[in-house]
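J.: Here is what each chain is made of, one letter per residue.
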Amino acid sequence: MKKLQNLPLYGVVFAILFFLVFPIIVVVIMSFSDSRFLTFPPKVFSLRWYESYFLDPAWMRATRNSFVLAILTTILVVPVGTAAAYGAHMCKMAIMRHMQLLLLSPVIVPVIIIAAGLYMVYAQVGLLATKLGLVLAFATMNLPYVFISVLAGLRSYDMAQEDVARSLGVSRLAAFMKVTLPQIRPSVMTGALFAFIGALDETVISIFIAGGENQTLPSRMFMSLNDEIDPTIASISTVLISVSFALVILMSLRSPKKANG
Amino acid sequence: MKLFNKIALGTALSLAAPAMAQDVVNYATDGGTILDVKQEYLIGPAEEKLGVDVVVDAMTSRFAPFKAQVLSGKPTWNLIDFSAGYGIRSQNEDLLEKLDYSLIPNAAGVPDAYKDDYTVGSTAYATGLGYSTEAFPDNPPQTWADFWDVEAFPGRRAMRNGPRPALELALLADGVAPEDLYPLDVERAYDKMAEIKPHIDVWWSSGAETTQLLYDQEVDLMQIWDGRAKNAINEGAPAVFVWNNAIVEYAVFAIPKGSSHPEVTMKVINEMLNPEGQAKWASNYATGPLNTNFAEFMDPERLKELPSAPENLAIGIPLNNAWWASEAGEEAERRWLEFMQQ
Amino acid sequence: MTDMPKLSAIERTEQRSFLLLFLPALILVALIIFAPLGKLVVQSFQDEGAFSLVHYKRIVTERIYWSIFVDTLEVSLAVTALSALLGYPVAYAAARASRLWTGLILAMVMLPFWTSVLVRTYGWLVILQRRGIVNTTLMDLGIISKPLELSHNYTAVLIGMVHVMVPFIVFPLYAALSKIPPELAQAGNSLGGTRSYVFRRVILPLSAPGLLAGAVLVFVLSLGFYLTPELLGGGKTIMVSSLVERNIEQYSRFGAASSVALSLLVIVLAIFWVVDRVLPVEKIIGVK
Numbered sequence: 001m002k003k004l005q006n007l008p009l010y011g012v013v014f015a016i017l018f019f020l021v022f023p024i025i026v027v028v029i030m031s032f033s034d035s036r037f038l039t040f041p042p043k044v045f046s047l048r049w050y051e052s053y054f055l056d057p058a059w060m061r062a063t064r065n066s067f068v069l070a071i072l073t074t075i076l077v078v079p080v081g082t083a084a085a086y087g088a089h090m091c092k093m094a095i096m097r098h099m100q101l102l103l104l105s106p107v108i109v110p111v112i113i114i115a116a117g118l119y120m121v122y123a124q125v126g127l128l129a130t131k132l133g134l135v136l137a138f139a140t141m142n143l144p145y146v147f148i149s150v151l152a153g154l155r156s157y158d159m160a161q162e163d164v165a166r167s168l169g170v171s172r173l174a175a176f177m178k179v180t181l182p183q184i185r186p187s188v189m190t191g192a193l194f195a196f197i198g199a200l201d202e203t204v205i206s207i208f209i210a211g212g213e214n215q216t217l218p219s220r221m222f223m224s225l226n227d228e229i230d231p232t233i234a235s236i237s238t239v240l241i242s243v244s245f246a247l248v249i250l251m252s253l254r255s256p257k258k259a260n261g
Numbered sequence: 001m002k003l004f005n006k007i008a009l010g011t012a013l014s015l016a017a018p019a020m021a022q023d024v025v026n027y028a029t030d031g032g033t034i035l036d037v038k039q040e041y042l043i044g045p046a047e048e049k050l051g052v053d054v055v056v057d058a059m060t061s062r063f064a065p066f067k068a069q070v071l072s073g074k075p076t077w078n079l080i081d082f083s084a085g086y087g088i089r090s091q092n093e094d095l096l097e098k099l100d101y102s103l104i105p106n107a108a109g110v111p112d113a114y115k116d117d118y119t120v121g122s123t124a125y126a127t128g129l130g131y132s133t134e135a136f137p138d139n140p141p142q143t144w145a146d147f148w149d150v151e152a153f154p155g156r157r158a159m160r161n162g163p164r165p166a167l168e169l170a171l172l173a174d175g176v177a178p179e180d181l182y183p184l185d186v187e188r189a190y191d192k193m194a195e196i197k198p199h200i201d202v203w204w205s206s207g208a209e210t211t212q213l214l215y216d217q218e219v220d221l222m223q224i225w226d227g228r229a230k231n232a233i234n235e236g237a238p239a240v241f242v243w244n245n246a247i248v249e250y251a252v253f254a255i256p257k258g259s260s261h262p263e264v265t266m267k268v269i270n271e272m273l274n275p276e277g278q279a280k281w282a283s284n285y286a287t288g289p290l291n292t293n294f295a296e297f298m299d300p301e302r303l304k305e306l307p308s309a310p311e312n313l314a315i316g317i318p319l320n321n322a323w324w325a326s327e328a329g330e331e332a333e334r335r336w337l338e339f340m341q342q
Numbered sequence: 001m002t003d004m005p006k007l008s009a010i011e012r013t014e015q016r017s018f019l020l021l022f023l024p025a026l027i028l029v030a031l032i033i034f035a036p037l038g039k040l041v042v043q044s045f046q047d048e049g050a051f052s053l054v055h056y057k058r059i060v061t062e063r064i065y066w067s068i069f070v071d072t073l074e075v076s077l078a079v080t081a082l083s084a085l086l087g088y089p090v091a092y093a094a095a096r097a098s099r100l101w102t103g104l105i106l107a108m109v110m111l112p113f114w115t116s117v118l119v120r121t122y123g124w125l126v127i128l129q130r131r132g133i134v135n136t137t138l139m140d141l142g143i144i145s146k147p148l149e150l151s152h153n154y155t156a157v158l159i160g161m162v163h164v165m166v167p168f169i170v171f172p173l174y175a176a177l178s179k180i181p182p183e184l185a186q187a188g189n190s191l192g193g194t195r196s197y198v199f200r201r202v203i204l205p206l207s208a209p210g211l212l213a214g215a216v217l218v219f220v221l222s223l224g225f226y227l228t229p230e231l232l233g234g235g236k237t238i239m240v241s242s243l244v245e246r247n248i249e250q251y252s253r254f255g256a257a258s259s260v261a262l263s264l265l266v267i268v269l270a271i272f273w274v275v276d277r278v279l280p281v282e283k284i285i286g287v288k
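Residue numbers (my numbering), protein chains in the order written: chain A, 1 to 261; chain B, 1 to 342; chain C, 1 to 288.
Any given hint could turn out to be false.
[What the hints assert, rightly or not] Cut-off 27 angstroms, straight-line C-alpha distance, at most; resulting in silico cross-link-like pairs (DSS-like, lysine-lysine):
1) A:Lys92 x C:Lys283
2) C:Lys146 x B:Lys197
3) B:Lys304 x B:Lys98
Note that these hints are calculated values from the structure, not bench results.
The whole structure should be built from the sequences, with the hints applied where relevant.
T.: What follows is the structure, encoded as structure tokens:
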């Protein structure tokens with residue numbers, strides 16, 4: 001009785017989910033096409049666009065750059081974001097709210113505005129198309145995700161455990177590292193994962209400030225789409241989707257706790 | 001923070017270090033097939049001959065980053081090519097290094113009209129009318145007036161999202177003779193554009209889009225560059241490119257002011273103008289090398305299809321870059337956005 | 001988050017040291033967000049090196065700027081409404097389904113979330129264009145005789161943007177809906193309320209904060225959206241972001257770009273300020 005009543009709902013939900021997934025299925029299938037242009041359905045299947053990705057030094061350079069930048073970004077932003085989240089969690093002062101809002105500004109300010117401003121500032125100080133400039137920008141853009149994720153972890157964690165450790169004479173830092181951090185590790189890892197994937201996929205910022213030897217994958221994809229629309233980009237994103245998903249699955253295997261919200 | 005900064009900086013530096021022994025020439029240009037072919041027949045041989053490392057930065061909108069780089073005082077790019085209009089603008093704004101033609105002997109083959117103290121012509125390209133032979137099997141559109149005639153030639157249409165050379169096309173469609181085009185009657189051109197605007201389905205902004213549009217037959221007739229049309233036709237698109245009254249533009253090589261080792265870059269330019277290499281390039285990609293000596297190395301049949309072939313240059317209409325760089329030209333350029341938004 | 005009435009001296013020092021933990025993050029934000037914003041402010045008030053209001057005057061007086069802002073608001077509003085309409089049933093189903101199904105549904109929502117926006121846009125182009133998947137299928141089935149105009153227009157922009165935005169509304173909604181005990185709806189039903197009555201009087205009000213949070217986020221993200229309208233709109237839908245980009249990339253007019261960007265920022269901040277009266281900003285972004 002109840003099941004039948006729900007049928008229309010599930011029909012609608014299925015249709016919406018199809019809408020969400022369909023373009024991605026199309027992209028994945030096109031990546032195996034033999035055609036010079038984006039055509040669907042492909043008449044002949046081949047791996048030539050994977051070859052044109054993996055055998056092209058410029059694509060490989062951009063890929064390496066993006067992964068290096070994503071790793072550096074993660075290394076930079078995870079401690080910074082975790083420290084801030086811990087501070088936000090422990091600090092009871094009223095000013096905290098404003099500080100938090102400042103920290104969330106990378107999400108609040110439209111990315112095109114940040115990109116345009118960064119472009120002008122970086123051009124002036126010579127950070128345009130440099131690794132340092134890109135890492136700083138990517139780290140800041142992904143800071144809110146680390147912050148939010150770690151803060152959520154801290155909120156569901158019983159601080160009394162840390163207090164116990166401290167009452168035994170352990171310093172706050174040591175208590176945090178030895179007692180608290182292992183417990184909130186899943187949240188920190190989630191934040192790190194978001195930061196990593198976010199840095200890998202940061203497109204608009206990249207378009208404005210990446211380039212030269214420090215071309216990133218998304219910005220090269222954008223440039224290349226301006227020059228030639230061919231299925232290489234489909235094969236690249238198929239690879240990227242696989243990487244993202246592998247990382248997520250790996251993460252969820254490591255932390256069997258049910259992630260809620 | 002400082003610590004992290006140092007770590008990031010240290011890692012960044014160590015990663016950027018490899019193979020710095022060779023001179024590196026960062027070259028900003030268009031990507032795609034044209035680059036692949038150029039890489040094989042011009043850039044590769046130049047690297048080998050001169051022992052330099054040419055790092056290509058493929059991007060379509062190069063002027064703004066180029067300008068920002070030069071203004072910052074330390075440009076990343078050593079070599080750039082862009083349309084001659086930007087060449088003039090860059091000279092007006094003092095953004096370029098002067099060329100030393102004694103280091104570029106191959107430039108002798110470039111006609112005087114296509115070179116000056118700061119820039120030397122690389123290729124010519126044409127904006128013409130492309131149409132689908134499936135949509136127009138007989139009596140196809142042949143002129144810009146036909147393109148504007150939506151009654152006689154119904155179909156989905158595409159134009160470039162920009163005034164250059166749309167305004168020229170509009171005036172030609174309105175009956176202005178090619179030799180009377182300049183200075184453009186901007187008012188009349190925009191009036192004519194307003195006529196066609198409701199019938200334009202796609203305003204394209206990149207060359208890649210146009211190939212896809214013609215290939216997929218997303219539109220039936222369009223304003224398109226010769227090389228892009230050729231690309232789609234080579235892949236089997238049922239389409240034709242009309243040379244008659246095509247607008248001929250050209251691109252130039254230039255060296256950003258303040259970039260390192262300009263003499264090395266000039267030697268690279270010289271190799272890029274090598275007539276044999278240019279001929280091989282043009283044999284494998286429909287482009288129009290401007291070192292006219294390339295013609296001796298070309299198959300005559302193939303030569304006929306190129307924008308810098310003598311007969312095509314003759315029926316094409318050269319775009320007046322000086323006009324577009326003038327006050328009136330810049331004003332006409334600015335008006336475009338308003339036109340699009342109406 | 002209220003000030004404790006009386007803090008001991010030790011506690012106060014400690015509290016201050018917690019603030020210090022914030023410092024690295026604040027420095028990053030100051031360098032990467034606020035320094036560029038400052039640069040934009042300076043440039044927006046400059047013309048040829050001197051102080052000038054010309055860029056703001058242009059926005060106010062020239063009709064095209066005005067109409068681009070209005071169009072942007074309109075598109076964003078439409079995208080927000082459509083995303084809410086599509087996101088709600090998905091979030092509802094995810095909140096009510098068994099654990100396995102919840103995981104599956106959320107994974108399917110995440111999938112587009114982690115696929116480059118650029119690439120998805122081209123996926124849509126292949127689906128929507130004249131000889132694309134939708135048109136050929138419908139024509140093969142004999143449902144239509146002439147291809148529908150789905151690509152390179154406003155419809156395509158809406159479809160592409162909604163596709164990007166739905167996940168942003170599903171997650172906060174799911175969080176809100178999964179907190180409503182299923183017994184509550186059952187109780188409503190057993191007391192004789194129709195399903196739609198129970199939905200309107202119980203579920204919808206209880207999920208309203210999640211819906212509002214998601215909607216605000218989607219609206220604000222849409223305002224600054226850049227790639228999708230550029231690529232799917234056929235050049236006919238001009239958004240504020242394109243105006244900023246064009247002023248920089250094509251005309252190198254940094255002052256004009258800055259003033260447009262800052263005007264957009266003011267609109268965004270105003271929206272957050274208004275919404276903040278009802279729902280704290282931290283909630284919208286997911287801190288609480």
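J.: Verify the proposed pairing of B:Lys304 with B:Lys98, using a straight-line Cα cut of 27 angstroms.
T.: Outside the cut-off at roughly 34 angstroms; violated.
J.: Check whether the Cα positions of C:Lys146 and B:Lys197 lie no farther apart than 27 angstroms.
T.: 23 angstroms, holds
J.: Is the hinted pair A:Lys92 and C:Lys283 satisfied, with a Cα-Cα distance of at most 27 angstroms?
T.: 18 angstroms, holds
Of the numbered hints given earlier, the model fails hint 3 alone.
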